[in-house]
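**Student:** Numbering (the numbering used here), first residue to last: 884 to 1177.
Hints are computed from structural coordinates only; laboratory data are not their basis. Mixed in with the good hints, there may be bad ones.
In silico SDA-like links for lysine to any residue, alpha-carbon gap of 25 Å or less [said to hold, decoys possible]:
| id | residue 1 | residue 2 |
| --- | --- | --- |
| 1 | K979 | K961 |
| 2 | K946 | K961 |
| 3 | K919 | R960 |
| 4 | K921 | G1045 |
| 5 | K941 | E1157 |
| 6 | K979 | P1175 |
| 7 | K921 | F948 |
| 8 | K979 | S1105 |
| 9 | K946 | K975 |
| 10 | K957 | T1154 |
| 11 | K975 | W1081 |
| 12 | K961 | N928 |
| 13 | K1149 | R1137 |
| 14 | K1135 | E1085 |
| 15 | K998 | P1175 |
| 16 | K979 | A1083 |
| 17 | K961 | N932 |
| 18 | K941 | D967 |
| 19 | K921 | S987 |
| 20 | K961 | P1175 |
| 21 | K979 | D1130 |
| 22 | K979 | A1163 |
| 23 | K998 | N932 |
| 24 | K1149 | N1108 |
| 25 | K975 | N1125 |
Pair ranges (Cβ atoms, derived) [unchecked claim]:
| id | residue 1 | residue 2 | range |
| --- | --- | --- | --- |
| 26 | P1071 | S986 | 29 to 35 Å |
| 27 | D1176 | D1013 | 36 to 42 Å |
| 28 | A1132 | I940 | 53 to 59 Å |
| 29 | D1176 | P1071 | 17 to 23 Å |
| 30 | E992 | E1037 | 37 to 43 Å |
| 31 | D1143 | K921 | 36 to 42 Å |
| 32 | K946 | Q1107 | 17 to 23 Å |
| 33 | E917 | I1084 | 18 to 24 Å |
| 34 | S977 | T1093 | 14 to 20 Å |
| 35 | R954 | N1049 | 33 to 39 Å |
| 36 | Q1140 | N1049 | 20 to 26 Å |
| 37 | N968 | H1168 | 22 to 28 Å |
| 38 | Q1140 | A1029 | 48 to 54 Å |
Note that the structure is predicted; figures quoted are calculated from it, not measured. Note that beta-carbon positions come from the ideal geometry of N, C-alpha and C, so glycine has one too.
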Amino acid sequence: HMWRIDSDKRTLSHFHLKHQTDNLARVAALWFGEFKDKFRDGGLNPSINVSSAAQRIKELQCKPFVYFLHRFRKLYRKGGVLPDNVFKLRLKGSGKCISRSGSSLRLAECKVATKLHFANWVPPGFPHPDEFNVNETPGHEVQCGAHTARSCAECPRGHGEGYCNNDCRWLFGDCIPRAPARAPLPPPADMFSGIRLWNAIECFDRLDPTGPILYFCDLAGSNQNQQYFLDQRGRLRHSSGNCVSADPAQQKLRSSQCQDASEWEKVEGFTPVETTRYFASVREHGLTDHGPDS
């Protein structure tokens, strides 16, 4: 490959094709079946003619696309690509929701805000919901490190993780009692480690002072930048120990300490059509979870 430079005639194109073939669109038209309206947000050209290839597929008795999705359900289902629930995240007590703005996020009116869903596998060490609900014994002094406090919650004194040690441990922005040594709790079956934009390949990524940026999703959940957790109070926690908060006056998001973070709630939830179709097709073809999934 060489670069084309307008000022250098040697690099200019001398041949022009009158007709170009969109091979990716042809693949979608040929193989995606009942899911093809998801290709490019429904932008598949209906005039694409793949009849001869479709006839060959029929002769070879090839399986429909749902077999592929089901064969790799560890990615599509457990990774959240085919989500059970799509929603918007609304700032409690307001009509503002988190919405895409280029490669970042901001506040917008909920009626035009971006639809989201939970996604990505749960990696080892990711918090279990019950770990944030540990009751501390009132008046029981704990060793935080070089100092003591009446509870683990009082250990940080505004200094964060460095002041949460010994009897306590730091977990996504909270100083909680250190649990006795035991096997880690298995994550709930419907739990994920990140937040993905619906009909997109980007997830919430690094939490900057101006809020999360967007980046290609890591389905394995190993990218700590993409590890987010919506706790029972509605705080959107990040692996950095900070939370996603809002500045409603400026229509912006920001990073803040979790103790005084904004609270969010899921609204306008629904099951997307691609997931409904998937389960209907799985039943139609008698597919089960007994076979391999990766």
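**Student:** So, for every hint listed, does it hold in this structure?
**Tutor:** Here's how the hints hold up against the structure:
1. Restraint check for K979 and K961: the C-alpha separation of about 30 Å exceeds 25 Å, so the hint is violated.
2. A threshold of 25 Å between alpha carbons decides the hint, and for K946 with K961 the separation of about 22 Å falls inside it, so the pair holds.
3. Taking the CA atoms of K919 and R960, the gap is about 18 Å. The hint holds against a cut of 25 Å.
4. Distance hint between K921 and G1045 is unfulfilled; the C-alpha atoms sit about 47 Å from each other, more than 25 Å.
5. With a C-alpha separation of about 24 Å, the suggested pair K941 and E1157 falls inside the 25 Å cut-off, and the hint holds.
6. Using a Cα cut-off of 25 Å, the hinted pair K979 and P1175 is violated, with the two alpha carbons roughly 43 Å apart.
7. For a cut-off of 25 Å, the pair hint linking K921 to F948 stands: about 13 Å separates their Cα positions.
8. The suggested pairing of K979 with S1105 is violated, with an alpha-carbon distance near 31 Å, which exceeds 25 Å.
9. With a C-alpha separation of about 47 Å, the suggested pairing of K946 with K975 is violated against the 25 Å cut-off.
10. Taking the CA atoms of K957 and T1154, the gap is near 19 Å; set against the 25 Å cutoff, the hint holds.
11. Distance hint between K975 and W1081 is fulfilled; the C-alpha atoms sit about 22 Å from each other, no more than 25 Å.
12. Taking the CA atoms of K961 and N928, the gap is about 31 Å. The hint is violated against a cut of 25 Å.
13. A threshold of 25 Å between alpha carbons decides the hint, and for K1149 with R1137 the separation of about 19 Å falls inside it, so the pair holds.
14. At most 25 Å may separate the alpha-carbon atoms for a hinted pair to count; K1135 and E1085 meet this at roughly 19 Å.
15. Taking the CA atoms of K998 and P1175, the gap is about 31 Å. The hint is violated against a cut of 25 Å.
16. Taken as a hint, the K979 and A1083 pair is honoured in the structure, with Cα atoms around 21 Å apart against an allowance of 25 Å.
17. For the suggested pair K961 and N932, the alpha carbons sit about 35 Å apart, so the restraint of at most 25 Å is broken.
18. The hinted pair formed by K941 and D967 fails the criterion: a straight-line CA distance of about 32 Å is larger than 25 Å.
19. The straight-line distance between the Cα atoms of K921 and S987 is roughly 24 Å, inside the 25 Å bound, and the hint therefore holds.
20. Distance restraint check for K961 and P1175: the Cα-Cα separation of roughly 13 Å lies within the 25 Å cut-off, and the hinted pair is therefore satisfied.
21. Of the pairs offered as hints, the one joining K979 and D1130 holds, with about 11 Å between alpha carbons and a cut-off of 25 Å not exceeded.
22. For the hint linking K979 to A1163, the alpha-carbon distance of about 35 Å lies beyond 25 Å, and the restraint is violated.
23. Simply put, K998 and N932 have alpha-carbon atoms about 33 Å apart, too far for the 25 Å limit, and the pair is violated.
24. The straight-line distance between the Cα atoms of K1149 and N1108 is roughly 22 Å, inside the 25 Å bound, and the hint therefore holds.
25. At most 25 Å may separate the alpha-carbon atoms for a hinted pair to count; K975 and N1125 meet this at roughly 19 Å.
26. Separation of P1071 from S986 is about 31 Å and conforms to the stated range, judged on CB atoms against 29 to 35 Å.
27. A C-beta distance of roughly 27 Å is found between D1176 and D1013, which places it outside the suggested range of 36 to 42 Å.
28. Between A1132 and I940, the C-beta spacing of about 57 Å keeps the proposed range 53 to 59 Å intact.
29. The supplied range of 17 to 23 Å is met by D1176 and P1071, whose beta-carbon atoms lie about 18 Å from each other.
30. For the pair E992 and E1037, the supplied restraint of 37 to 43 Å holds, since their beta-carbon distance comes to about 39 Å.
31. A hinted range of 36 to 42 Å for the beta carbons of D1143 and K921 is consistent with their spacing of about 41 Å.
32. In this structure the supplied range 17 to 23 Å is violated for K946 paired with Q1107, their Cβ-Cβ distance being about 38 Å.
33. Take E917 and I1084: their Cβ atoms lie about 21 Å apart, and the range 18 to 24 Å holds.
34. Restraint check, S977 to T1093: a C-beta distance of roughly 19 Å satisfies the suggested window 14 to 20 Å.
35. The hinted range of 33 to 39 Å is not satisfied by R954 and N1049, whose Cβ atoms lie roughly 48 Å apart.
36. Restraint check, Q1140 to N1049: a C-beta distance of roughly 22 Å satisfies the suggested window 20 to 26 Å.
37. Here the CB-CB span from N968 to H1168 is close to 24 Å, well matched to the stated 22 to 28 Å.
38. The beta-carbon spacing between Q1140 and A1029, approximately 21 Å, falls outside the hinted interval of 48 to 54 Å.
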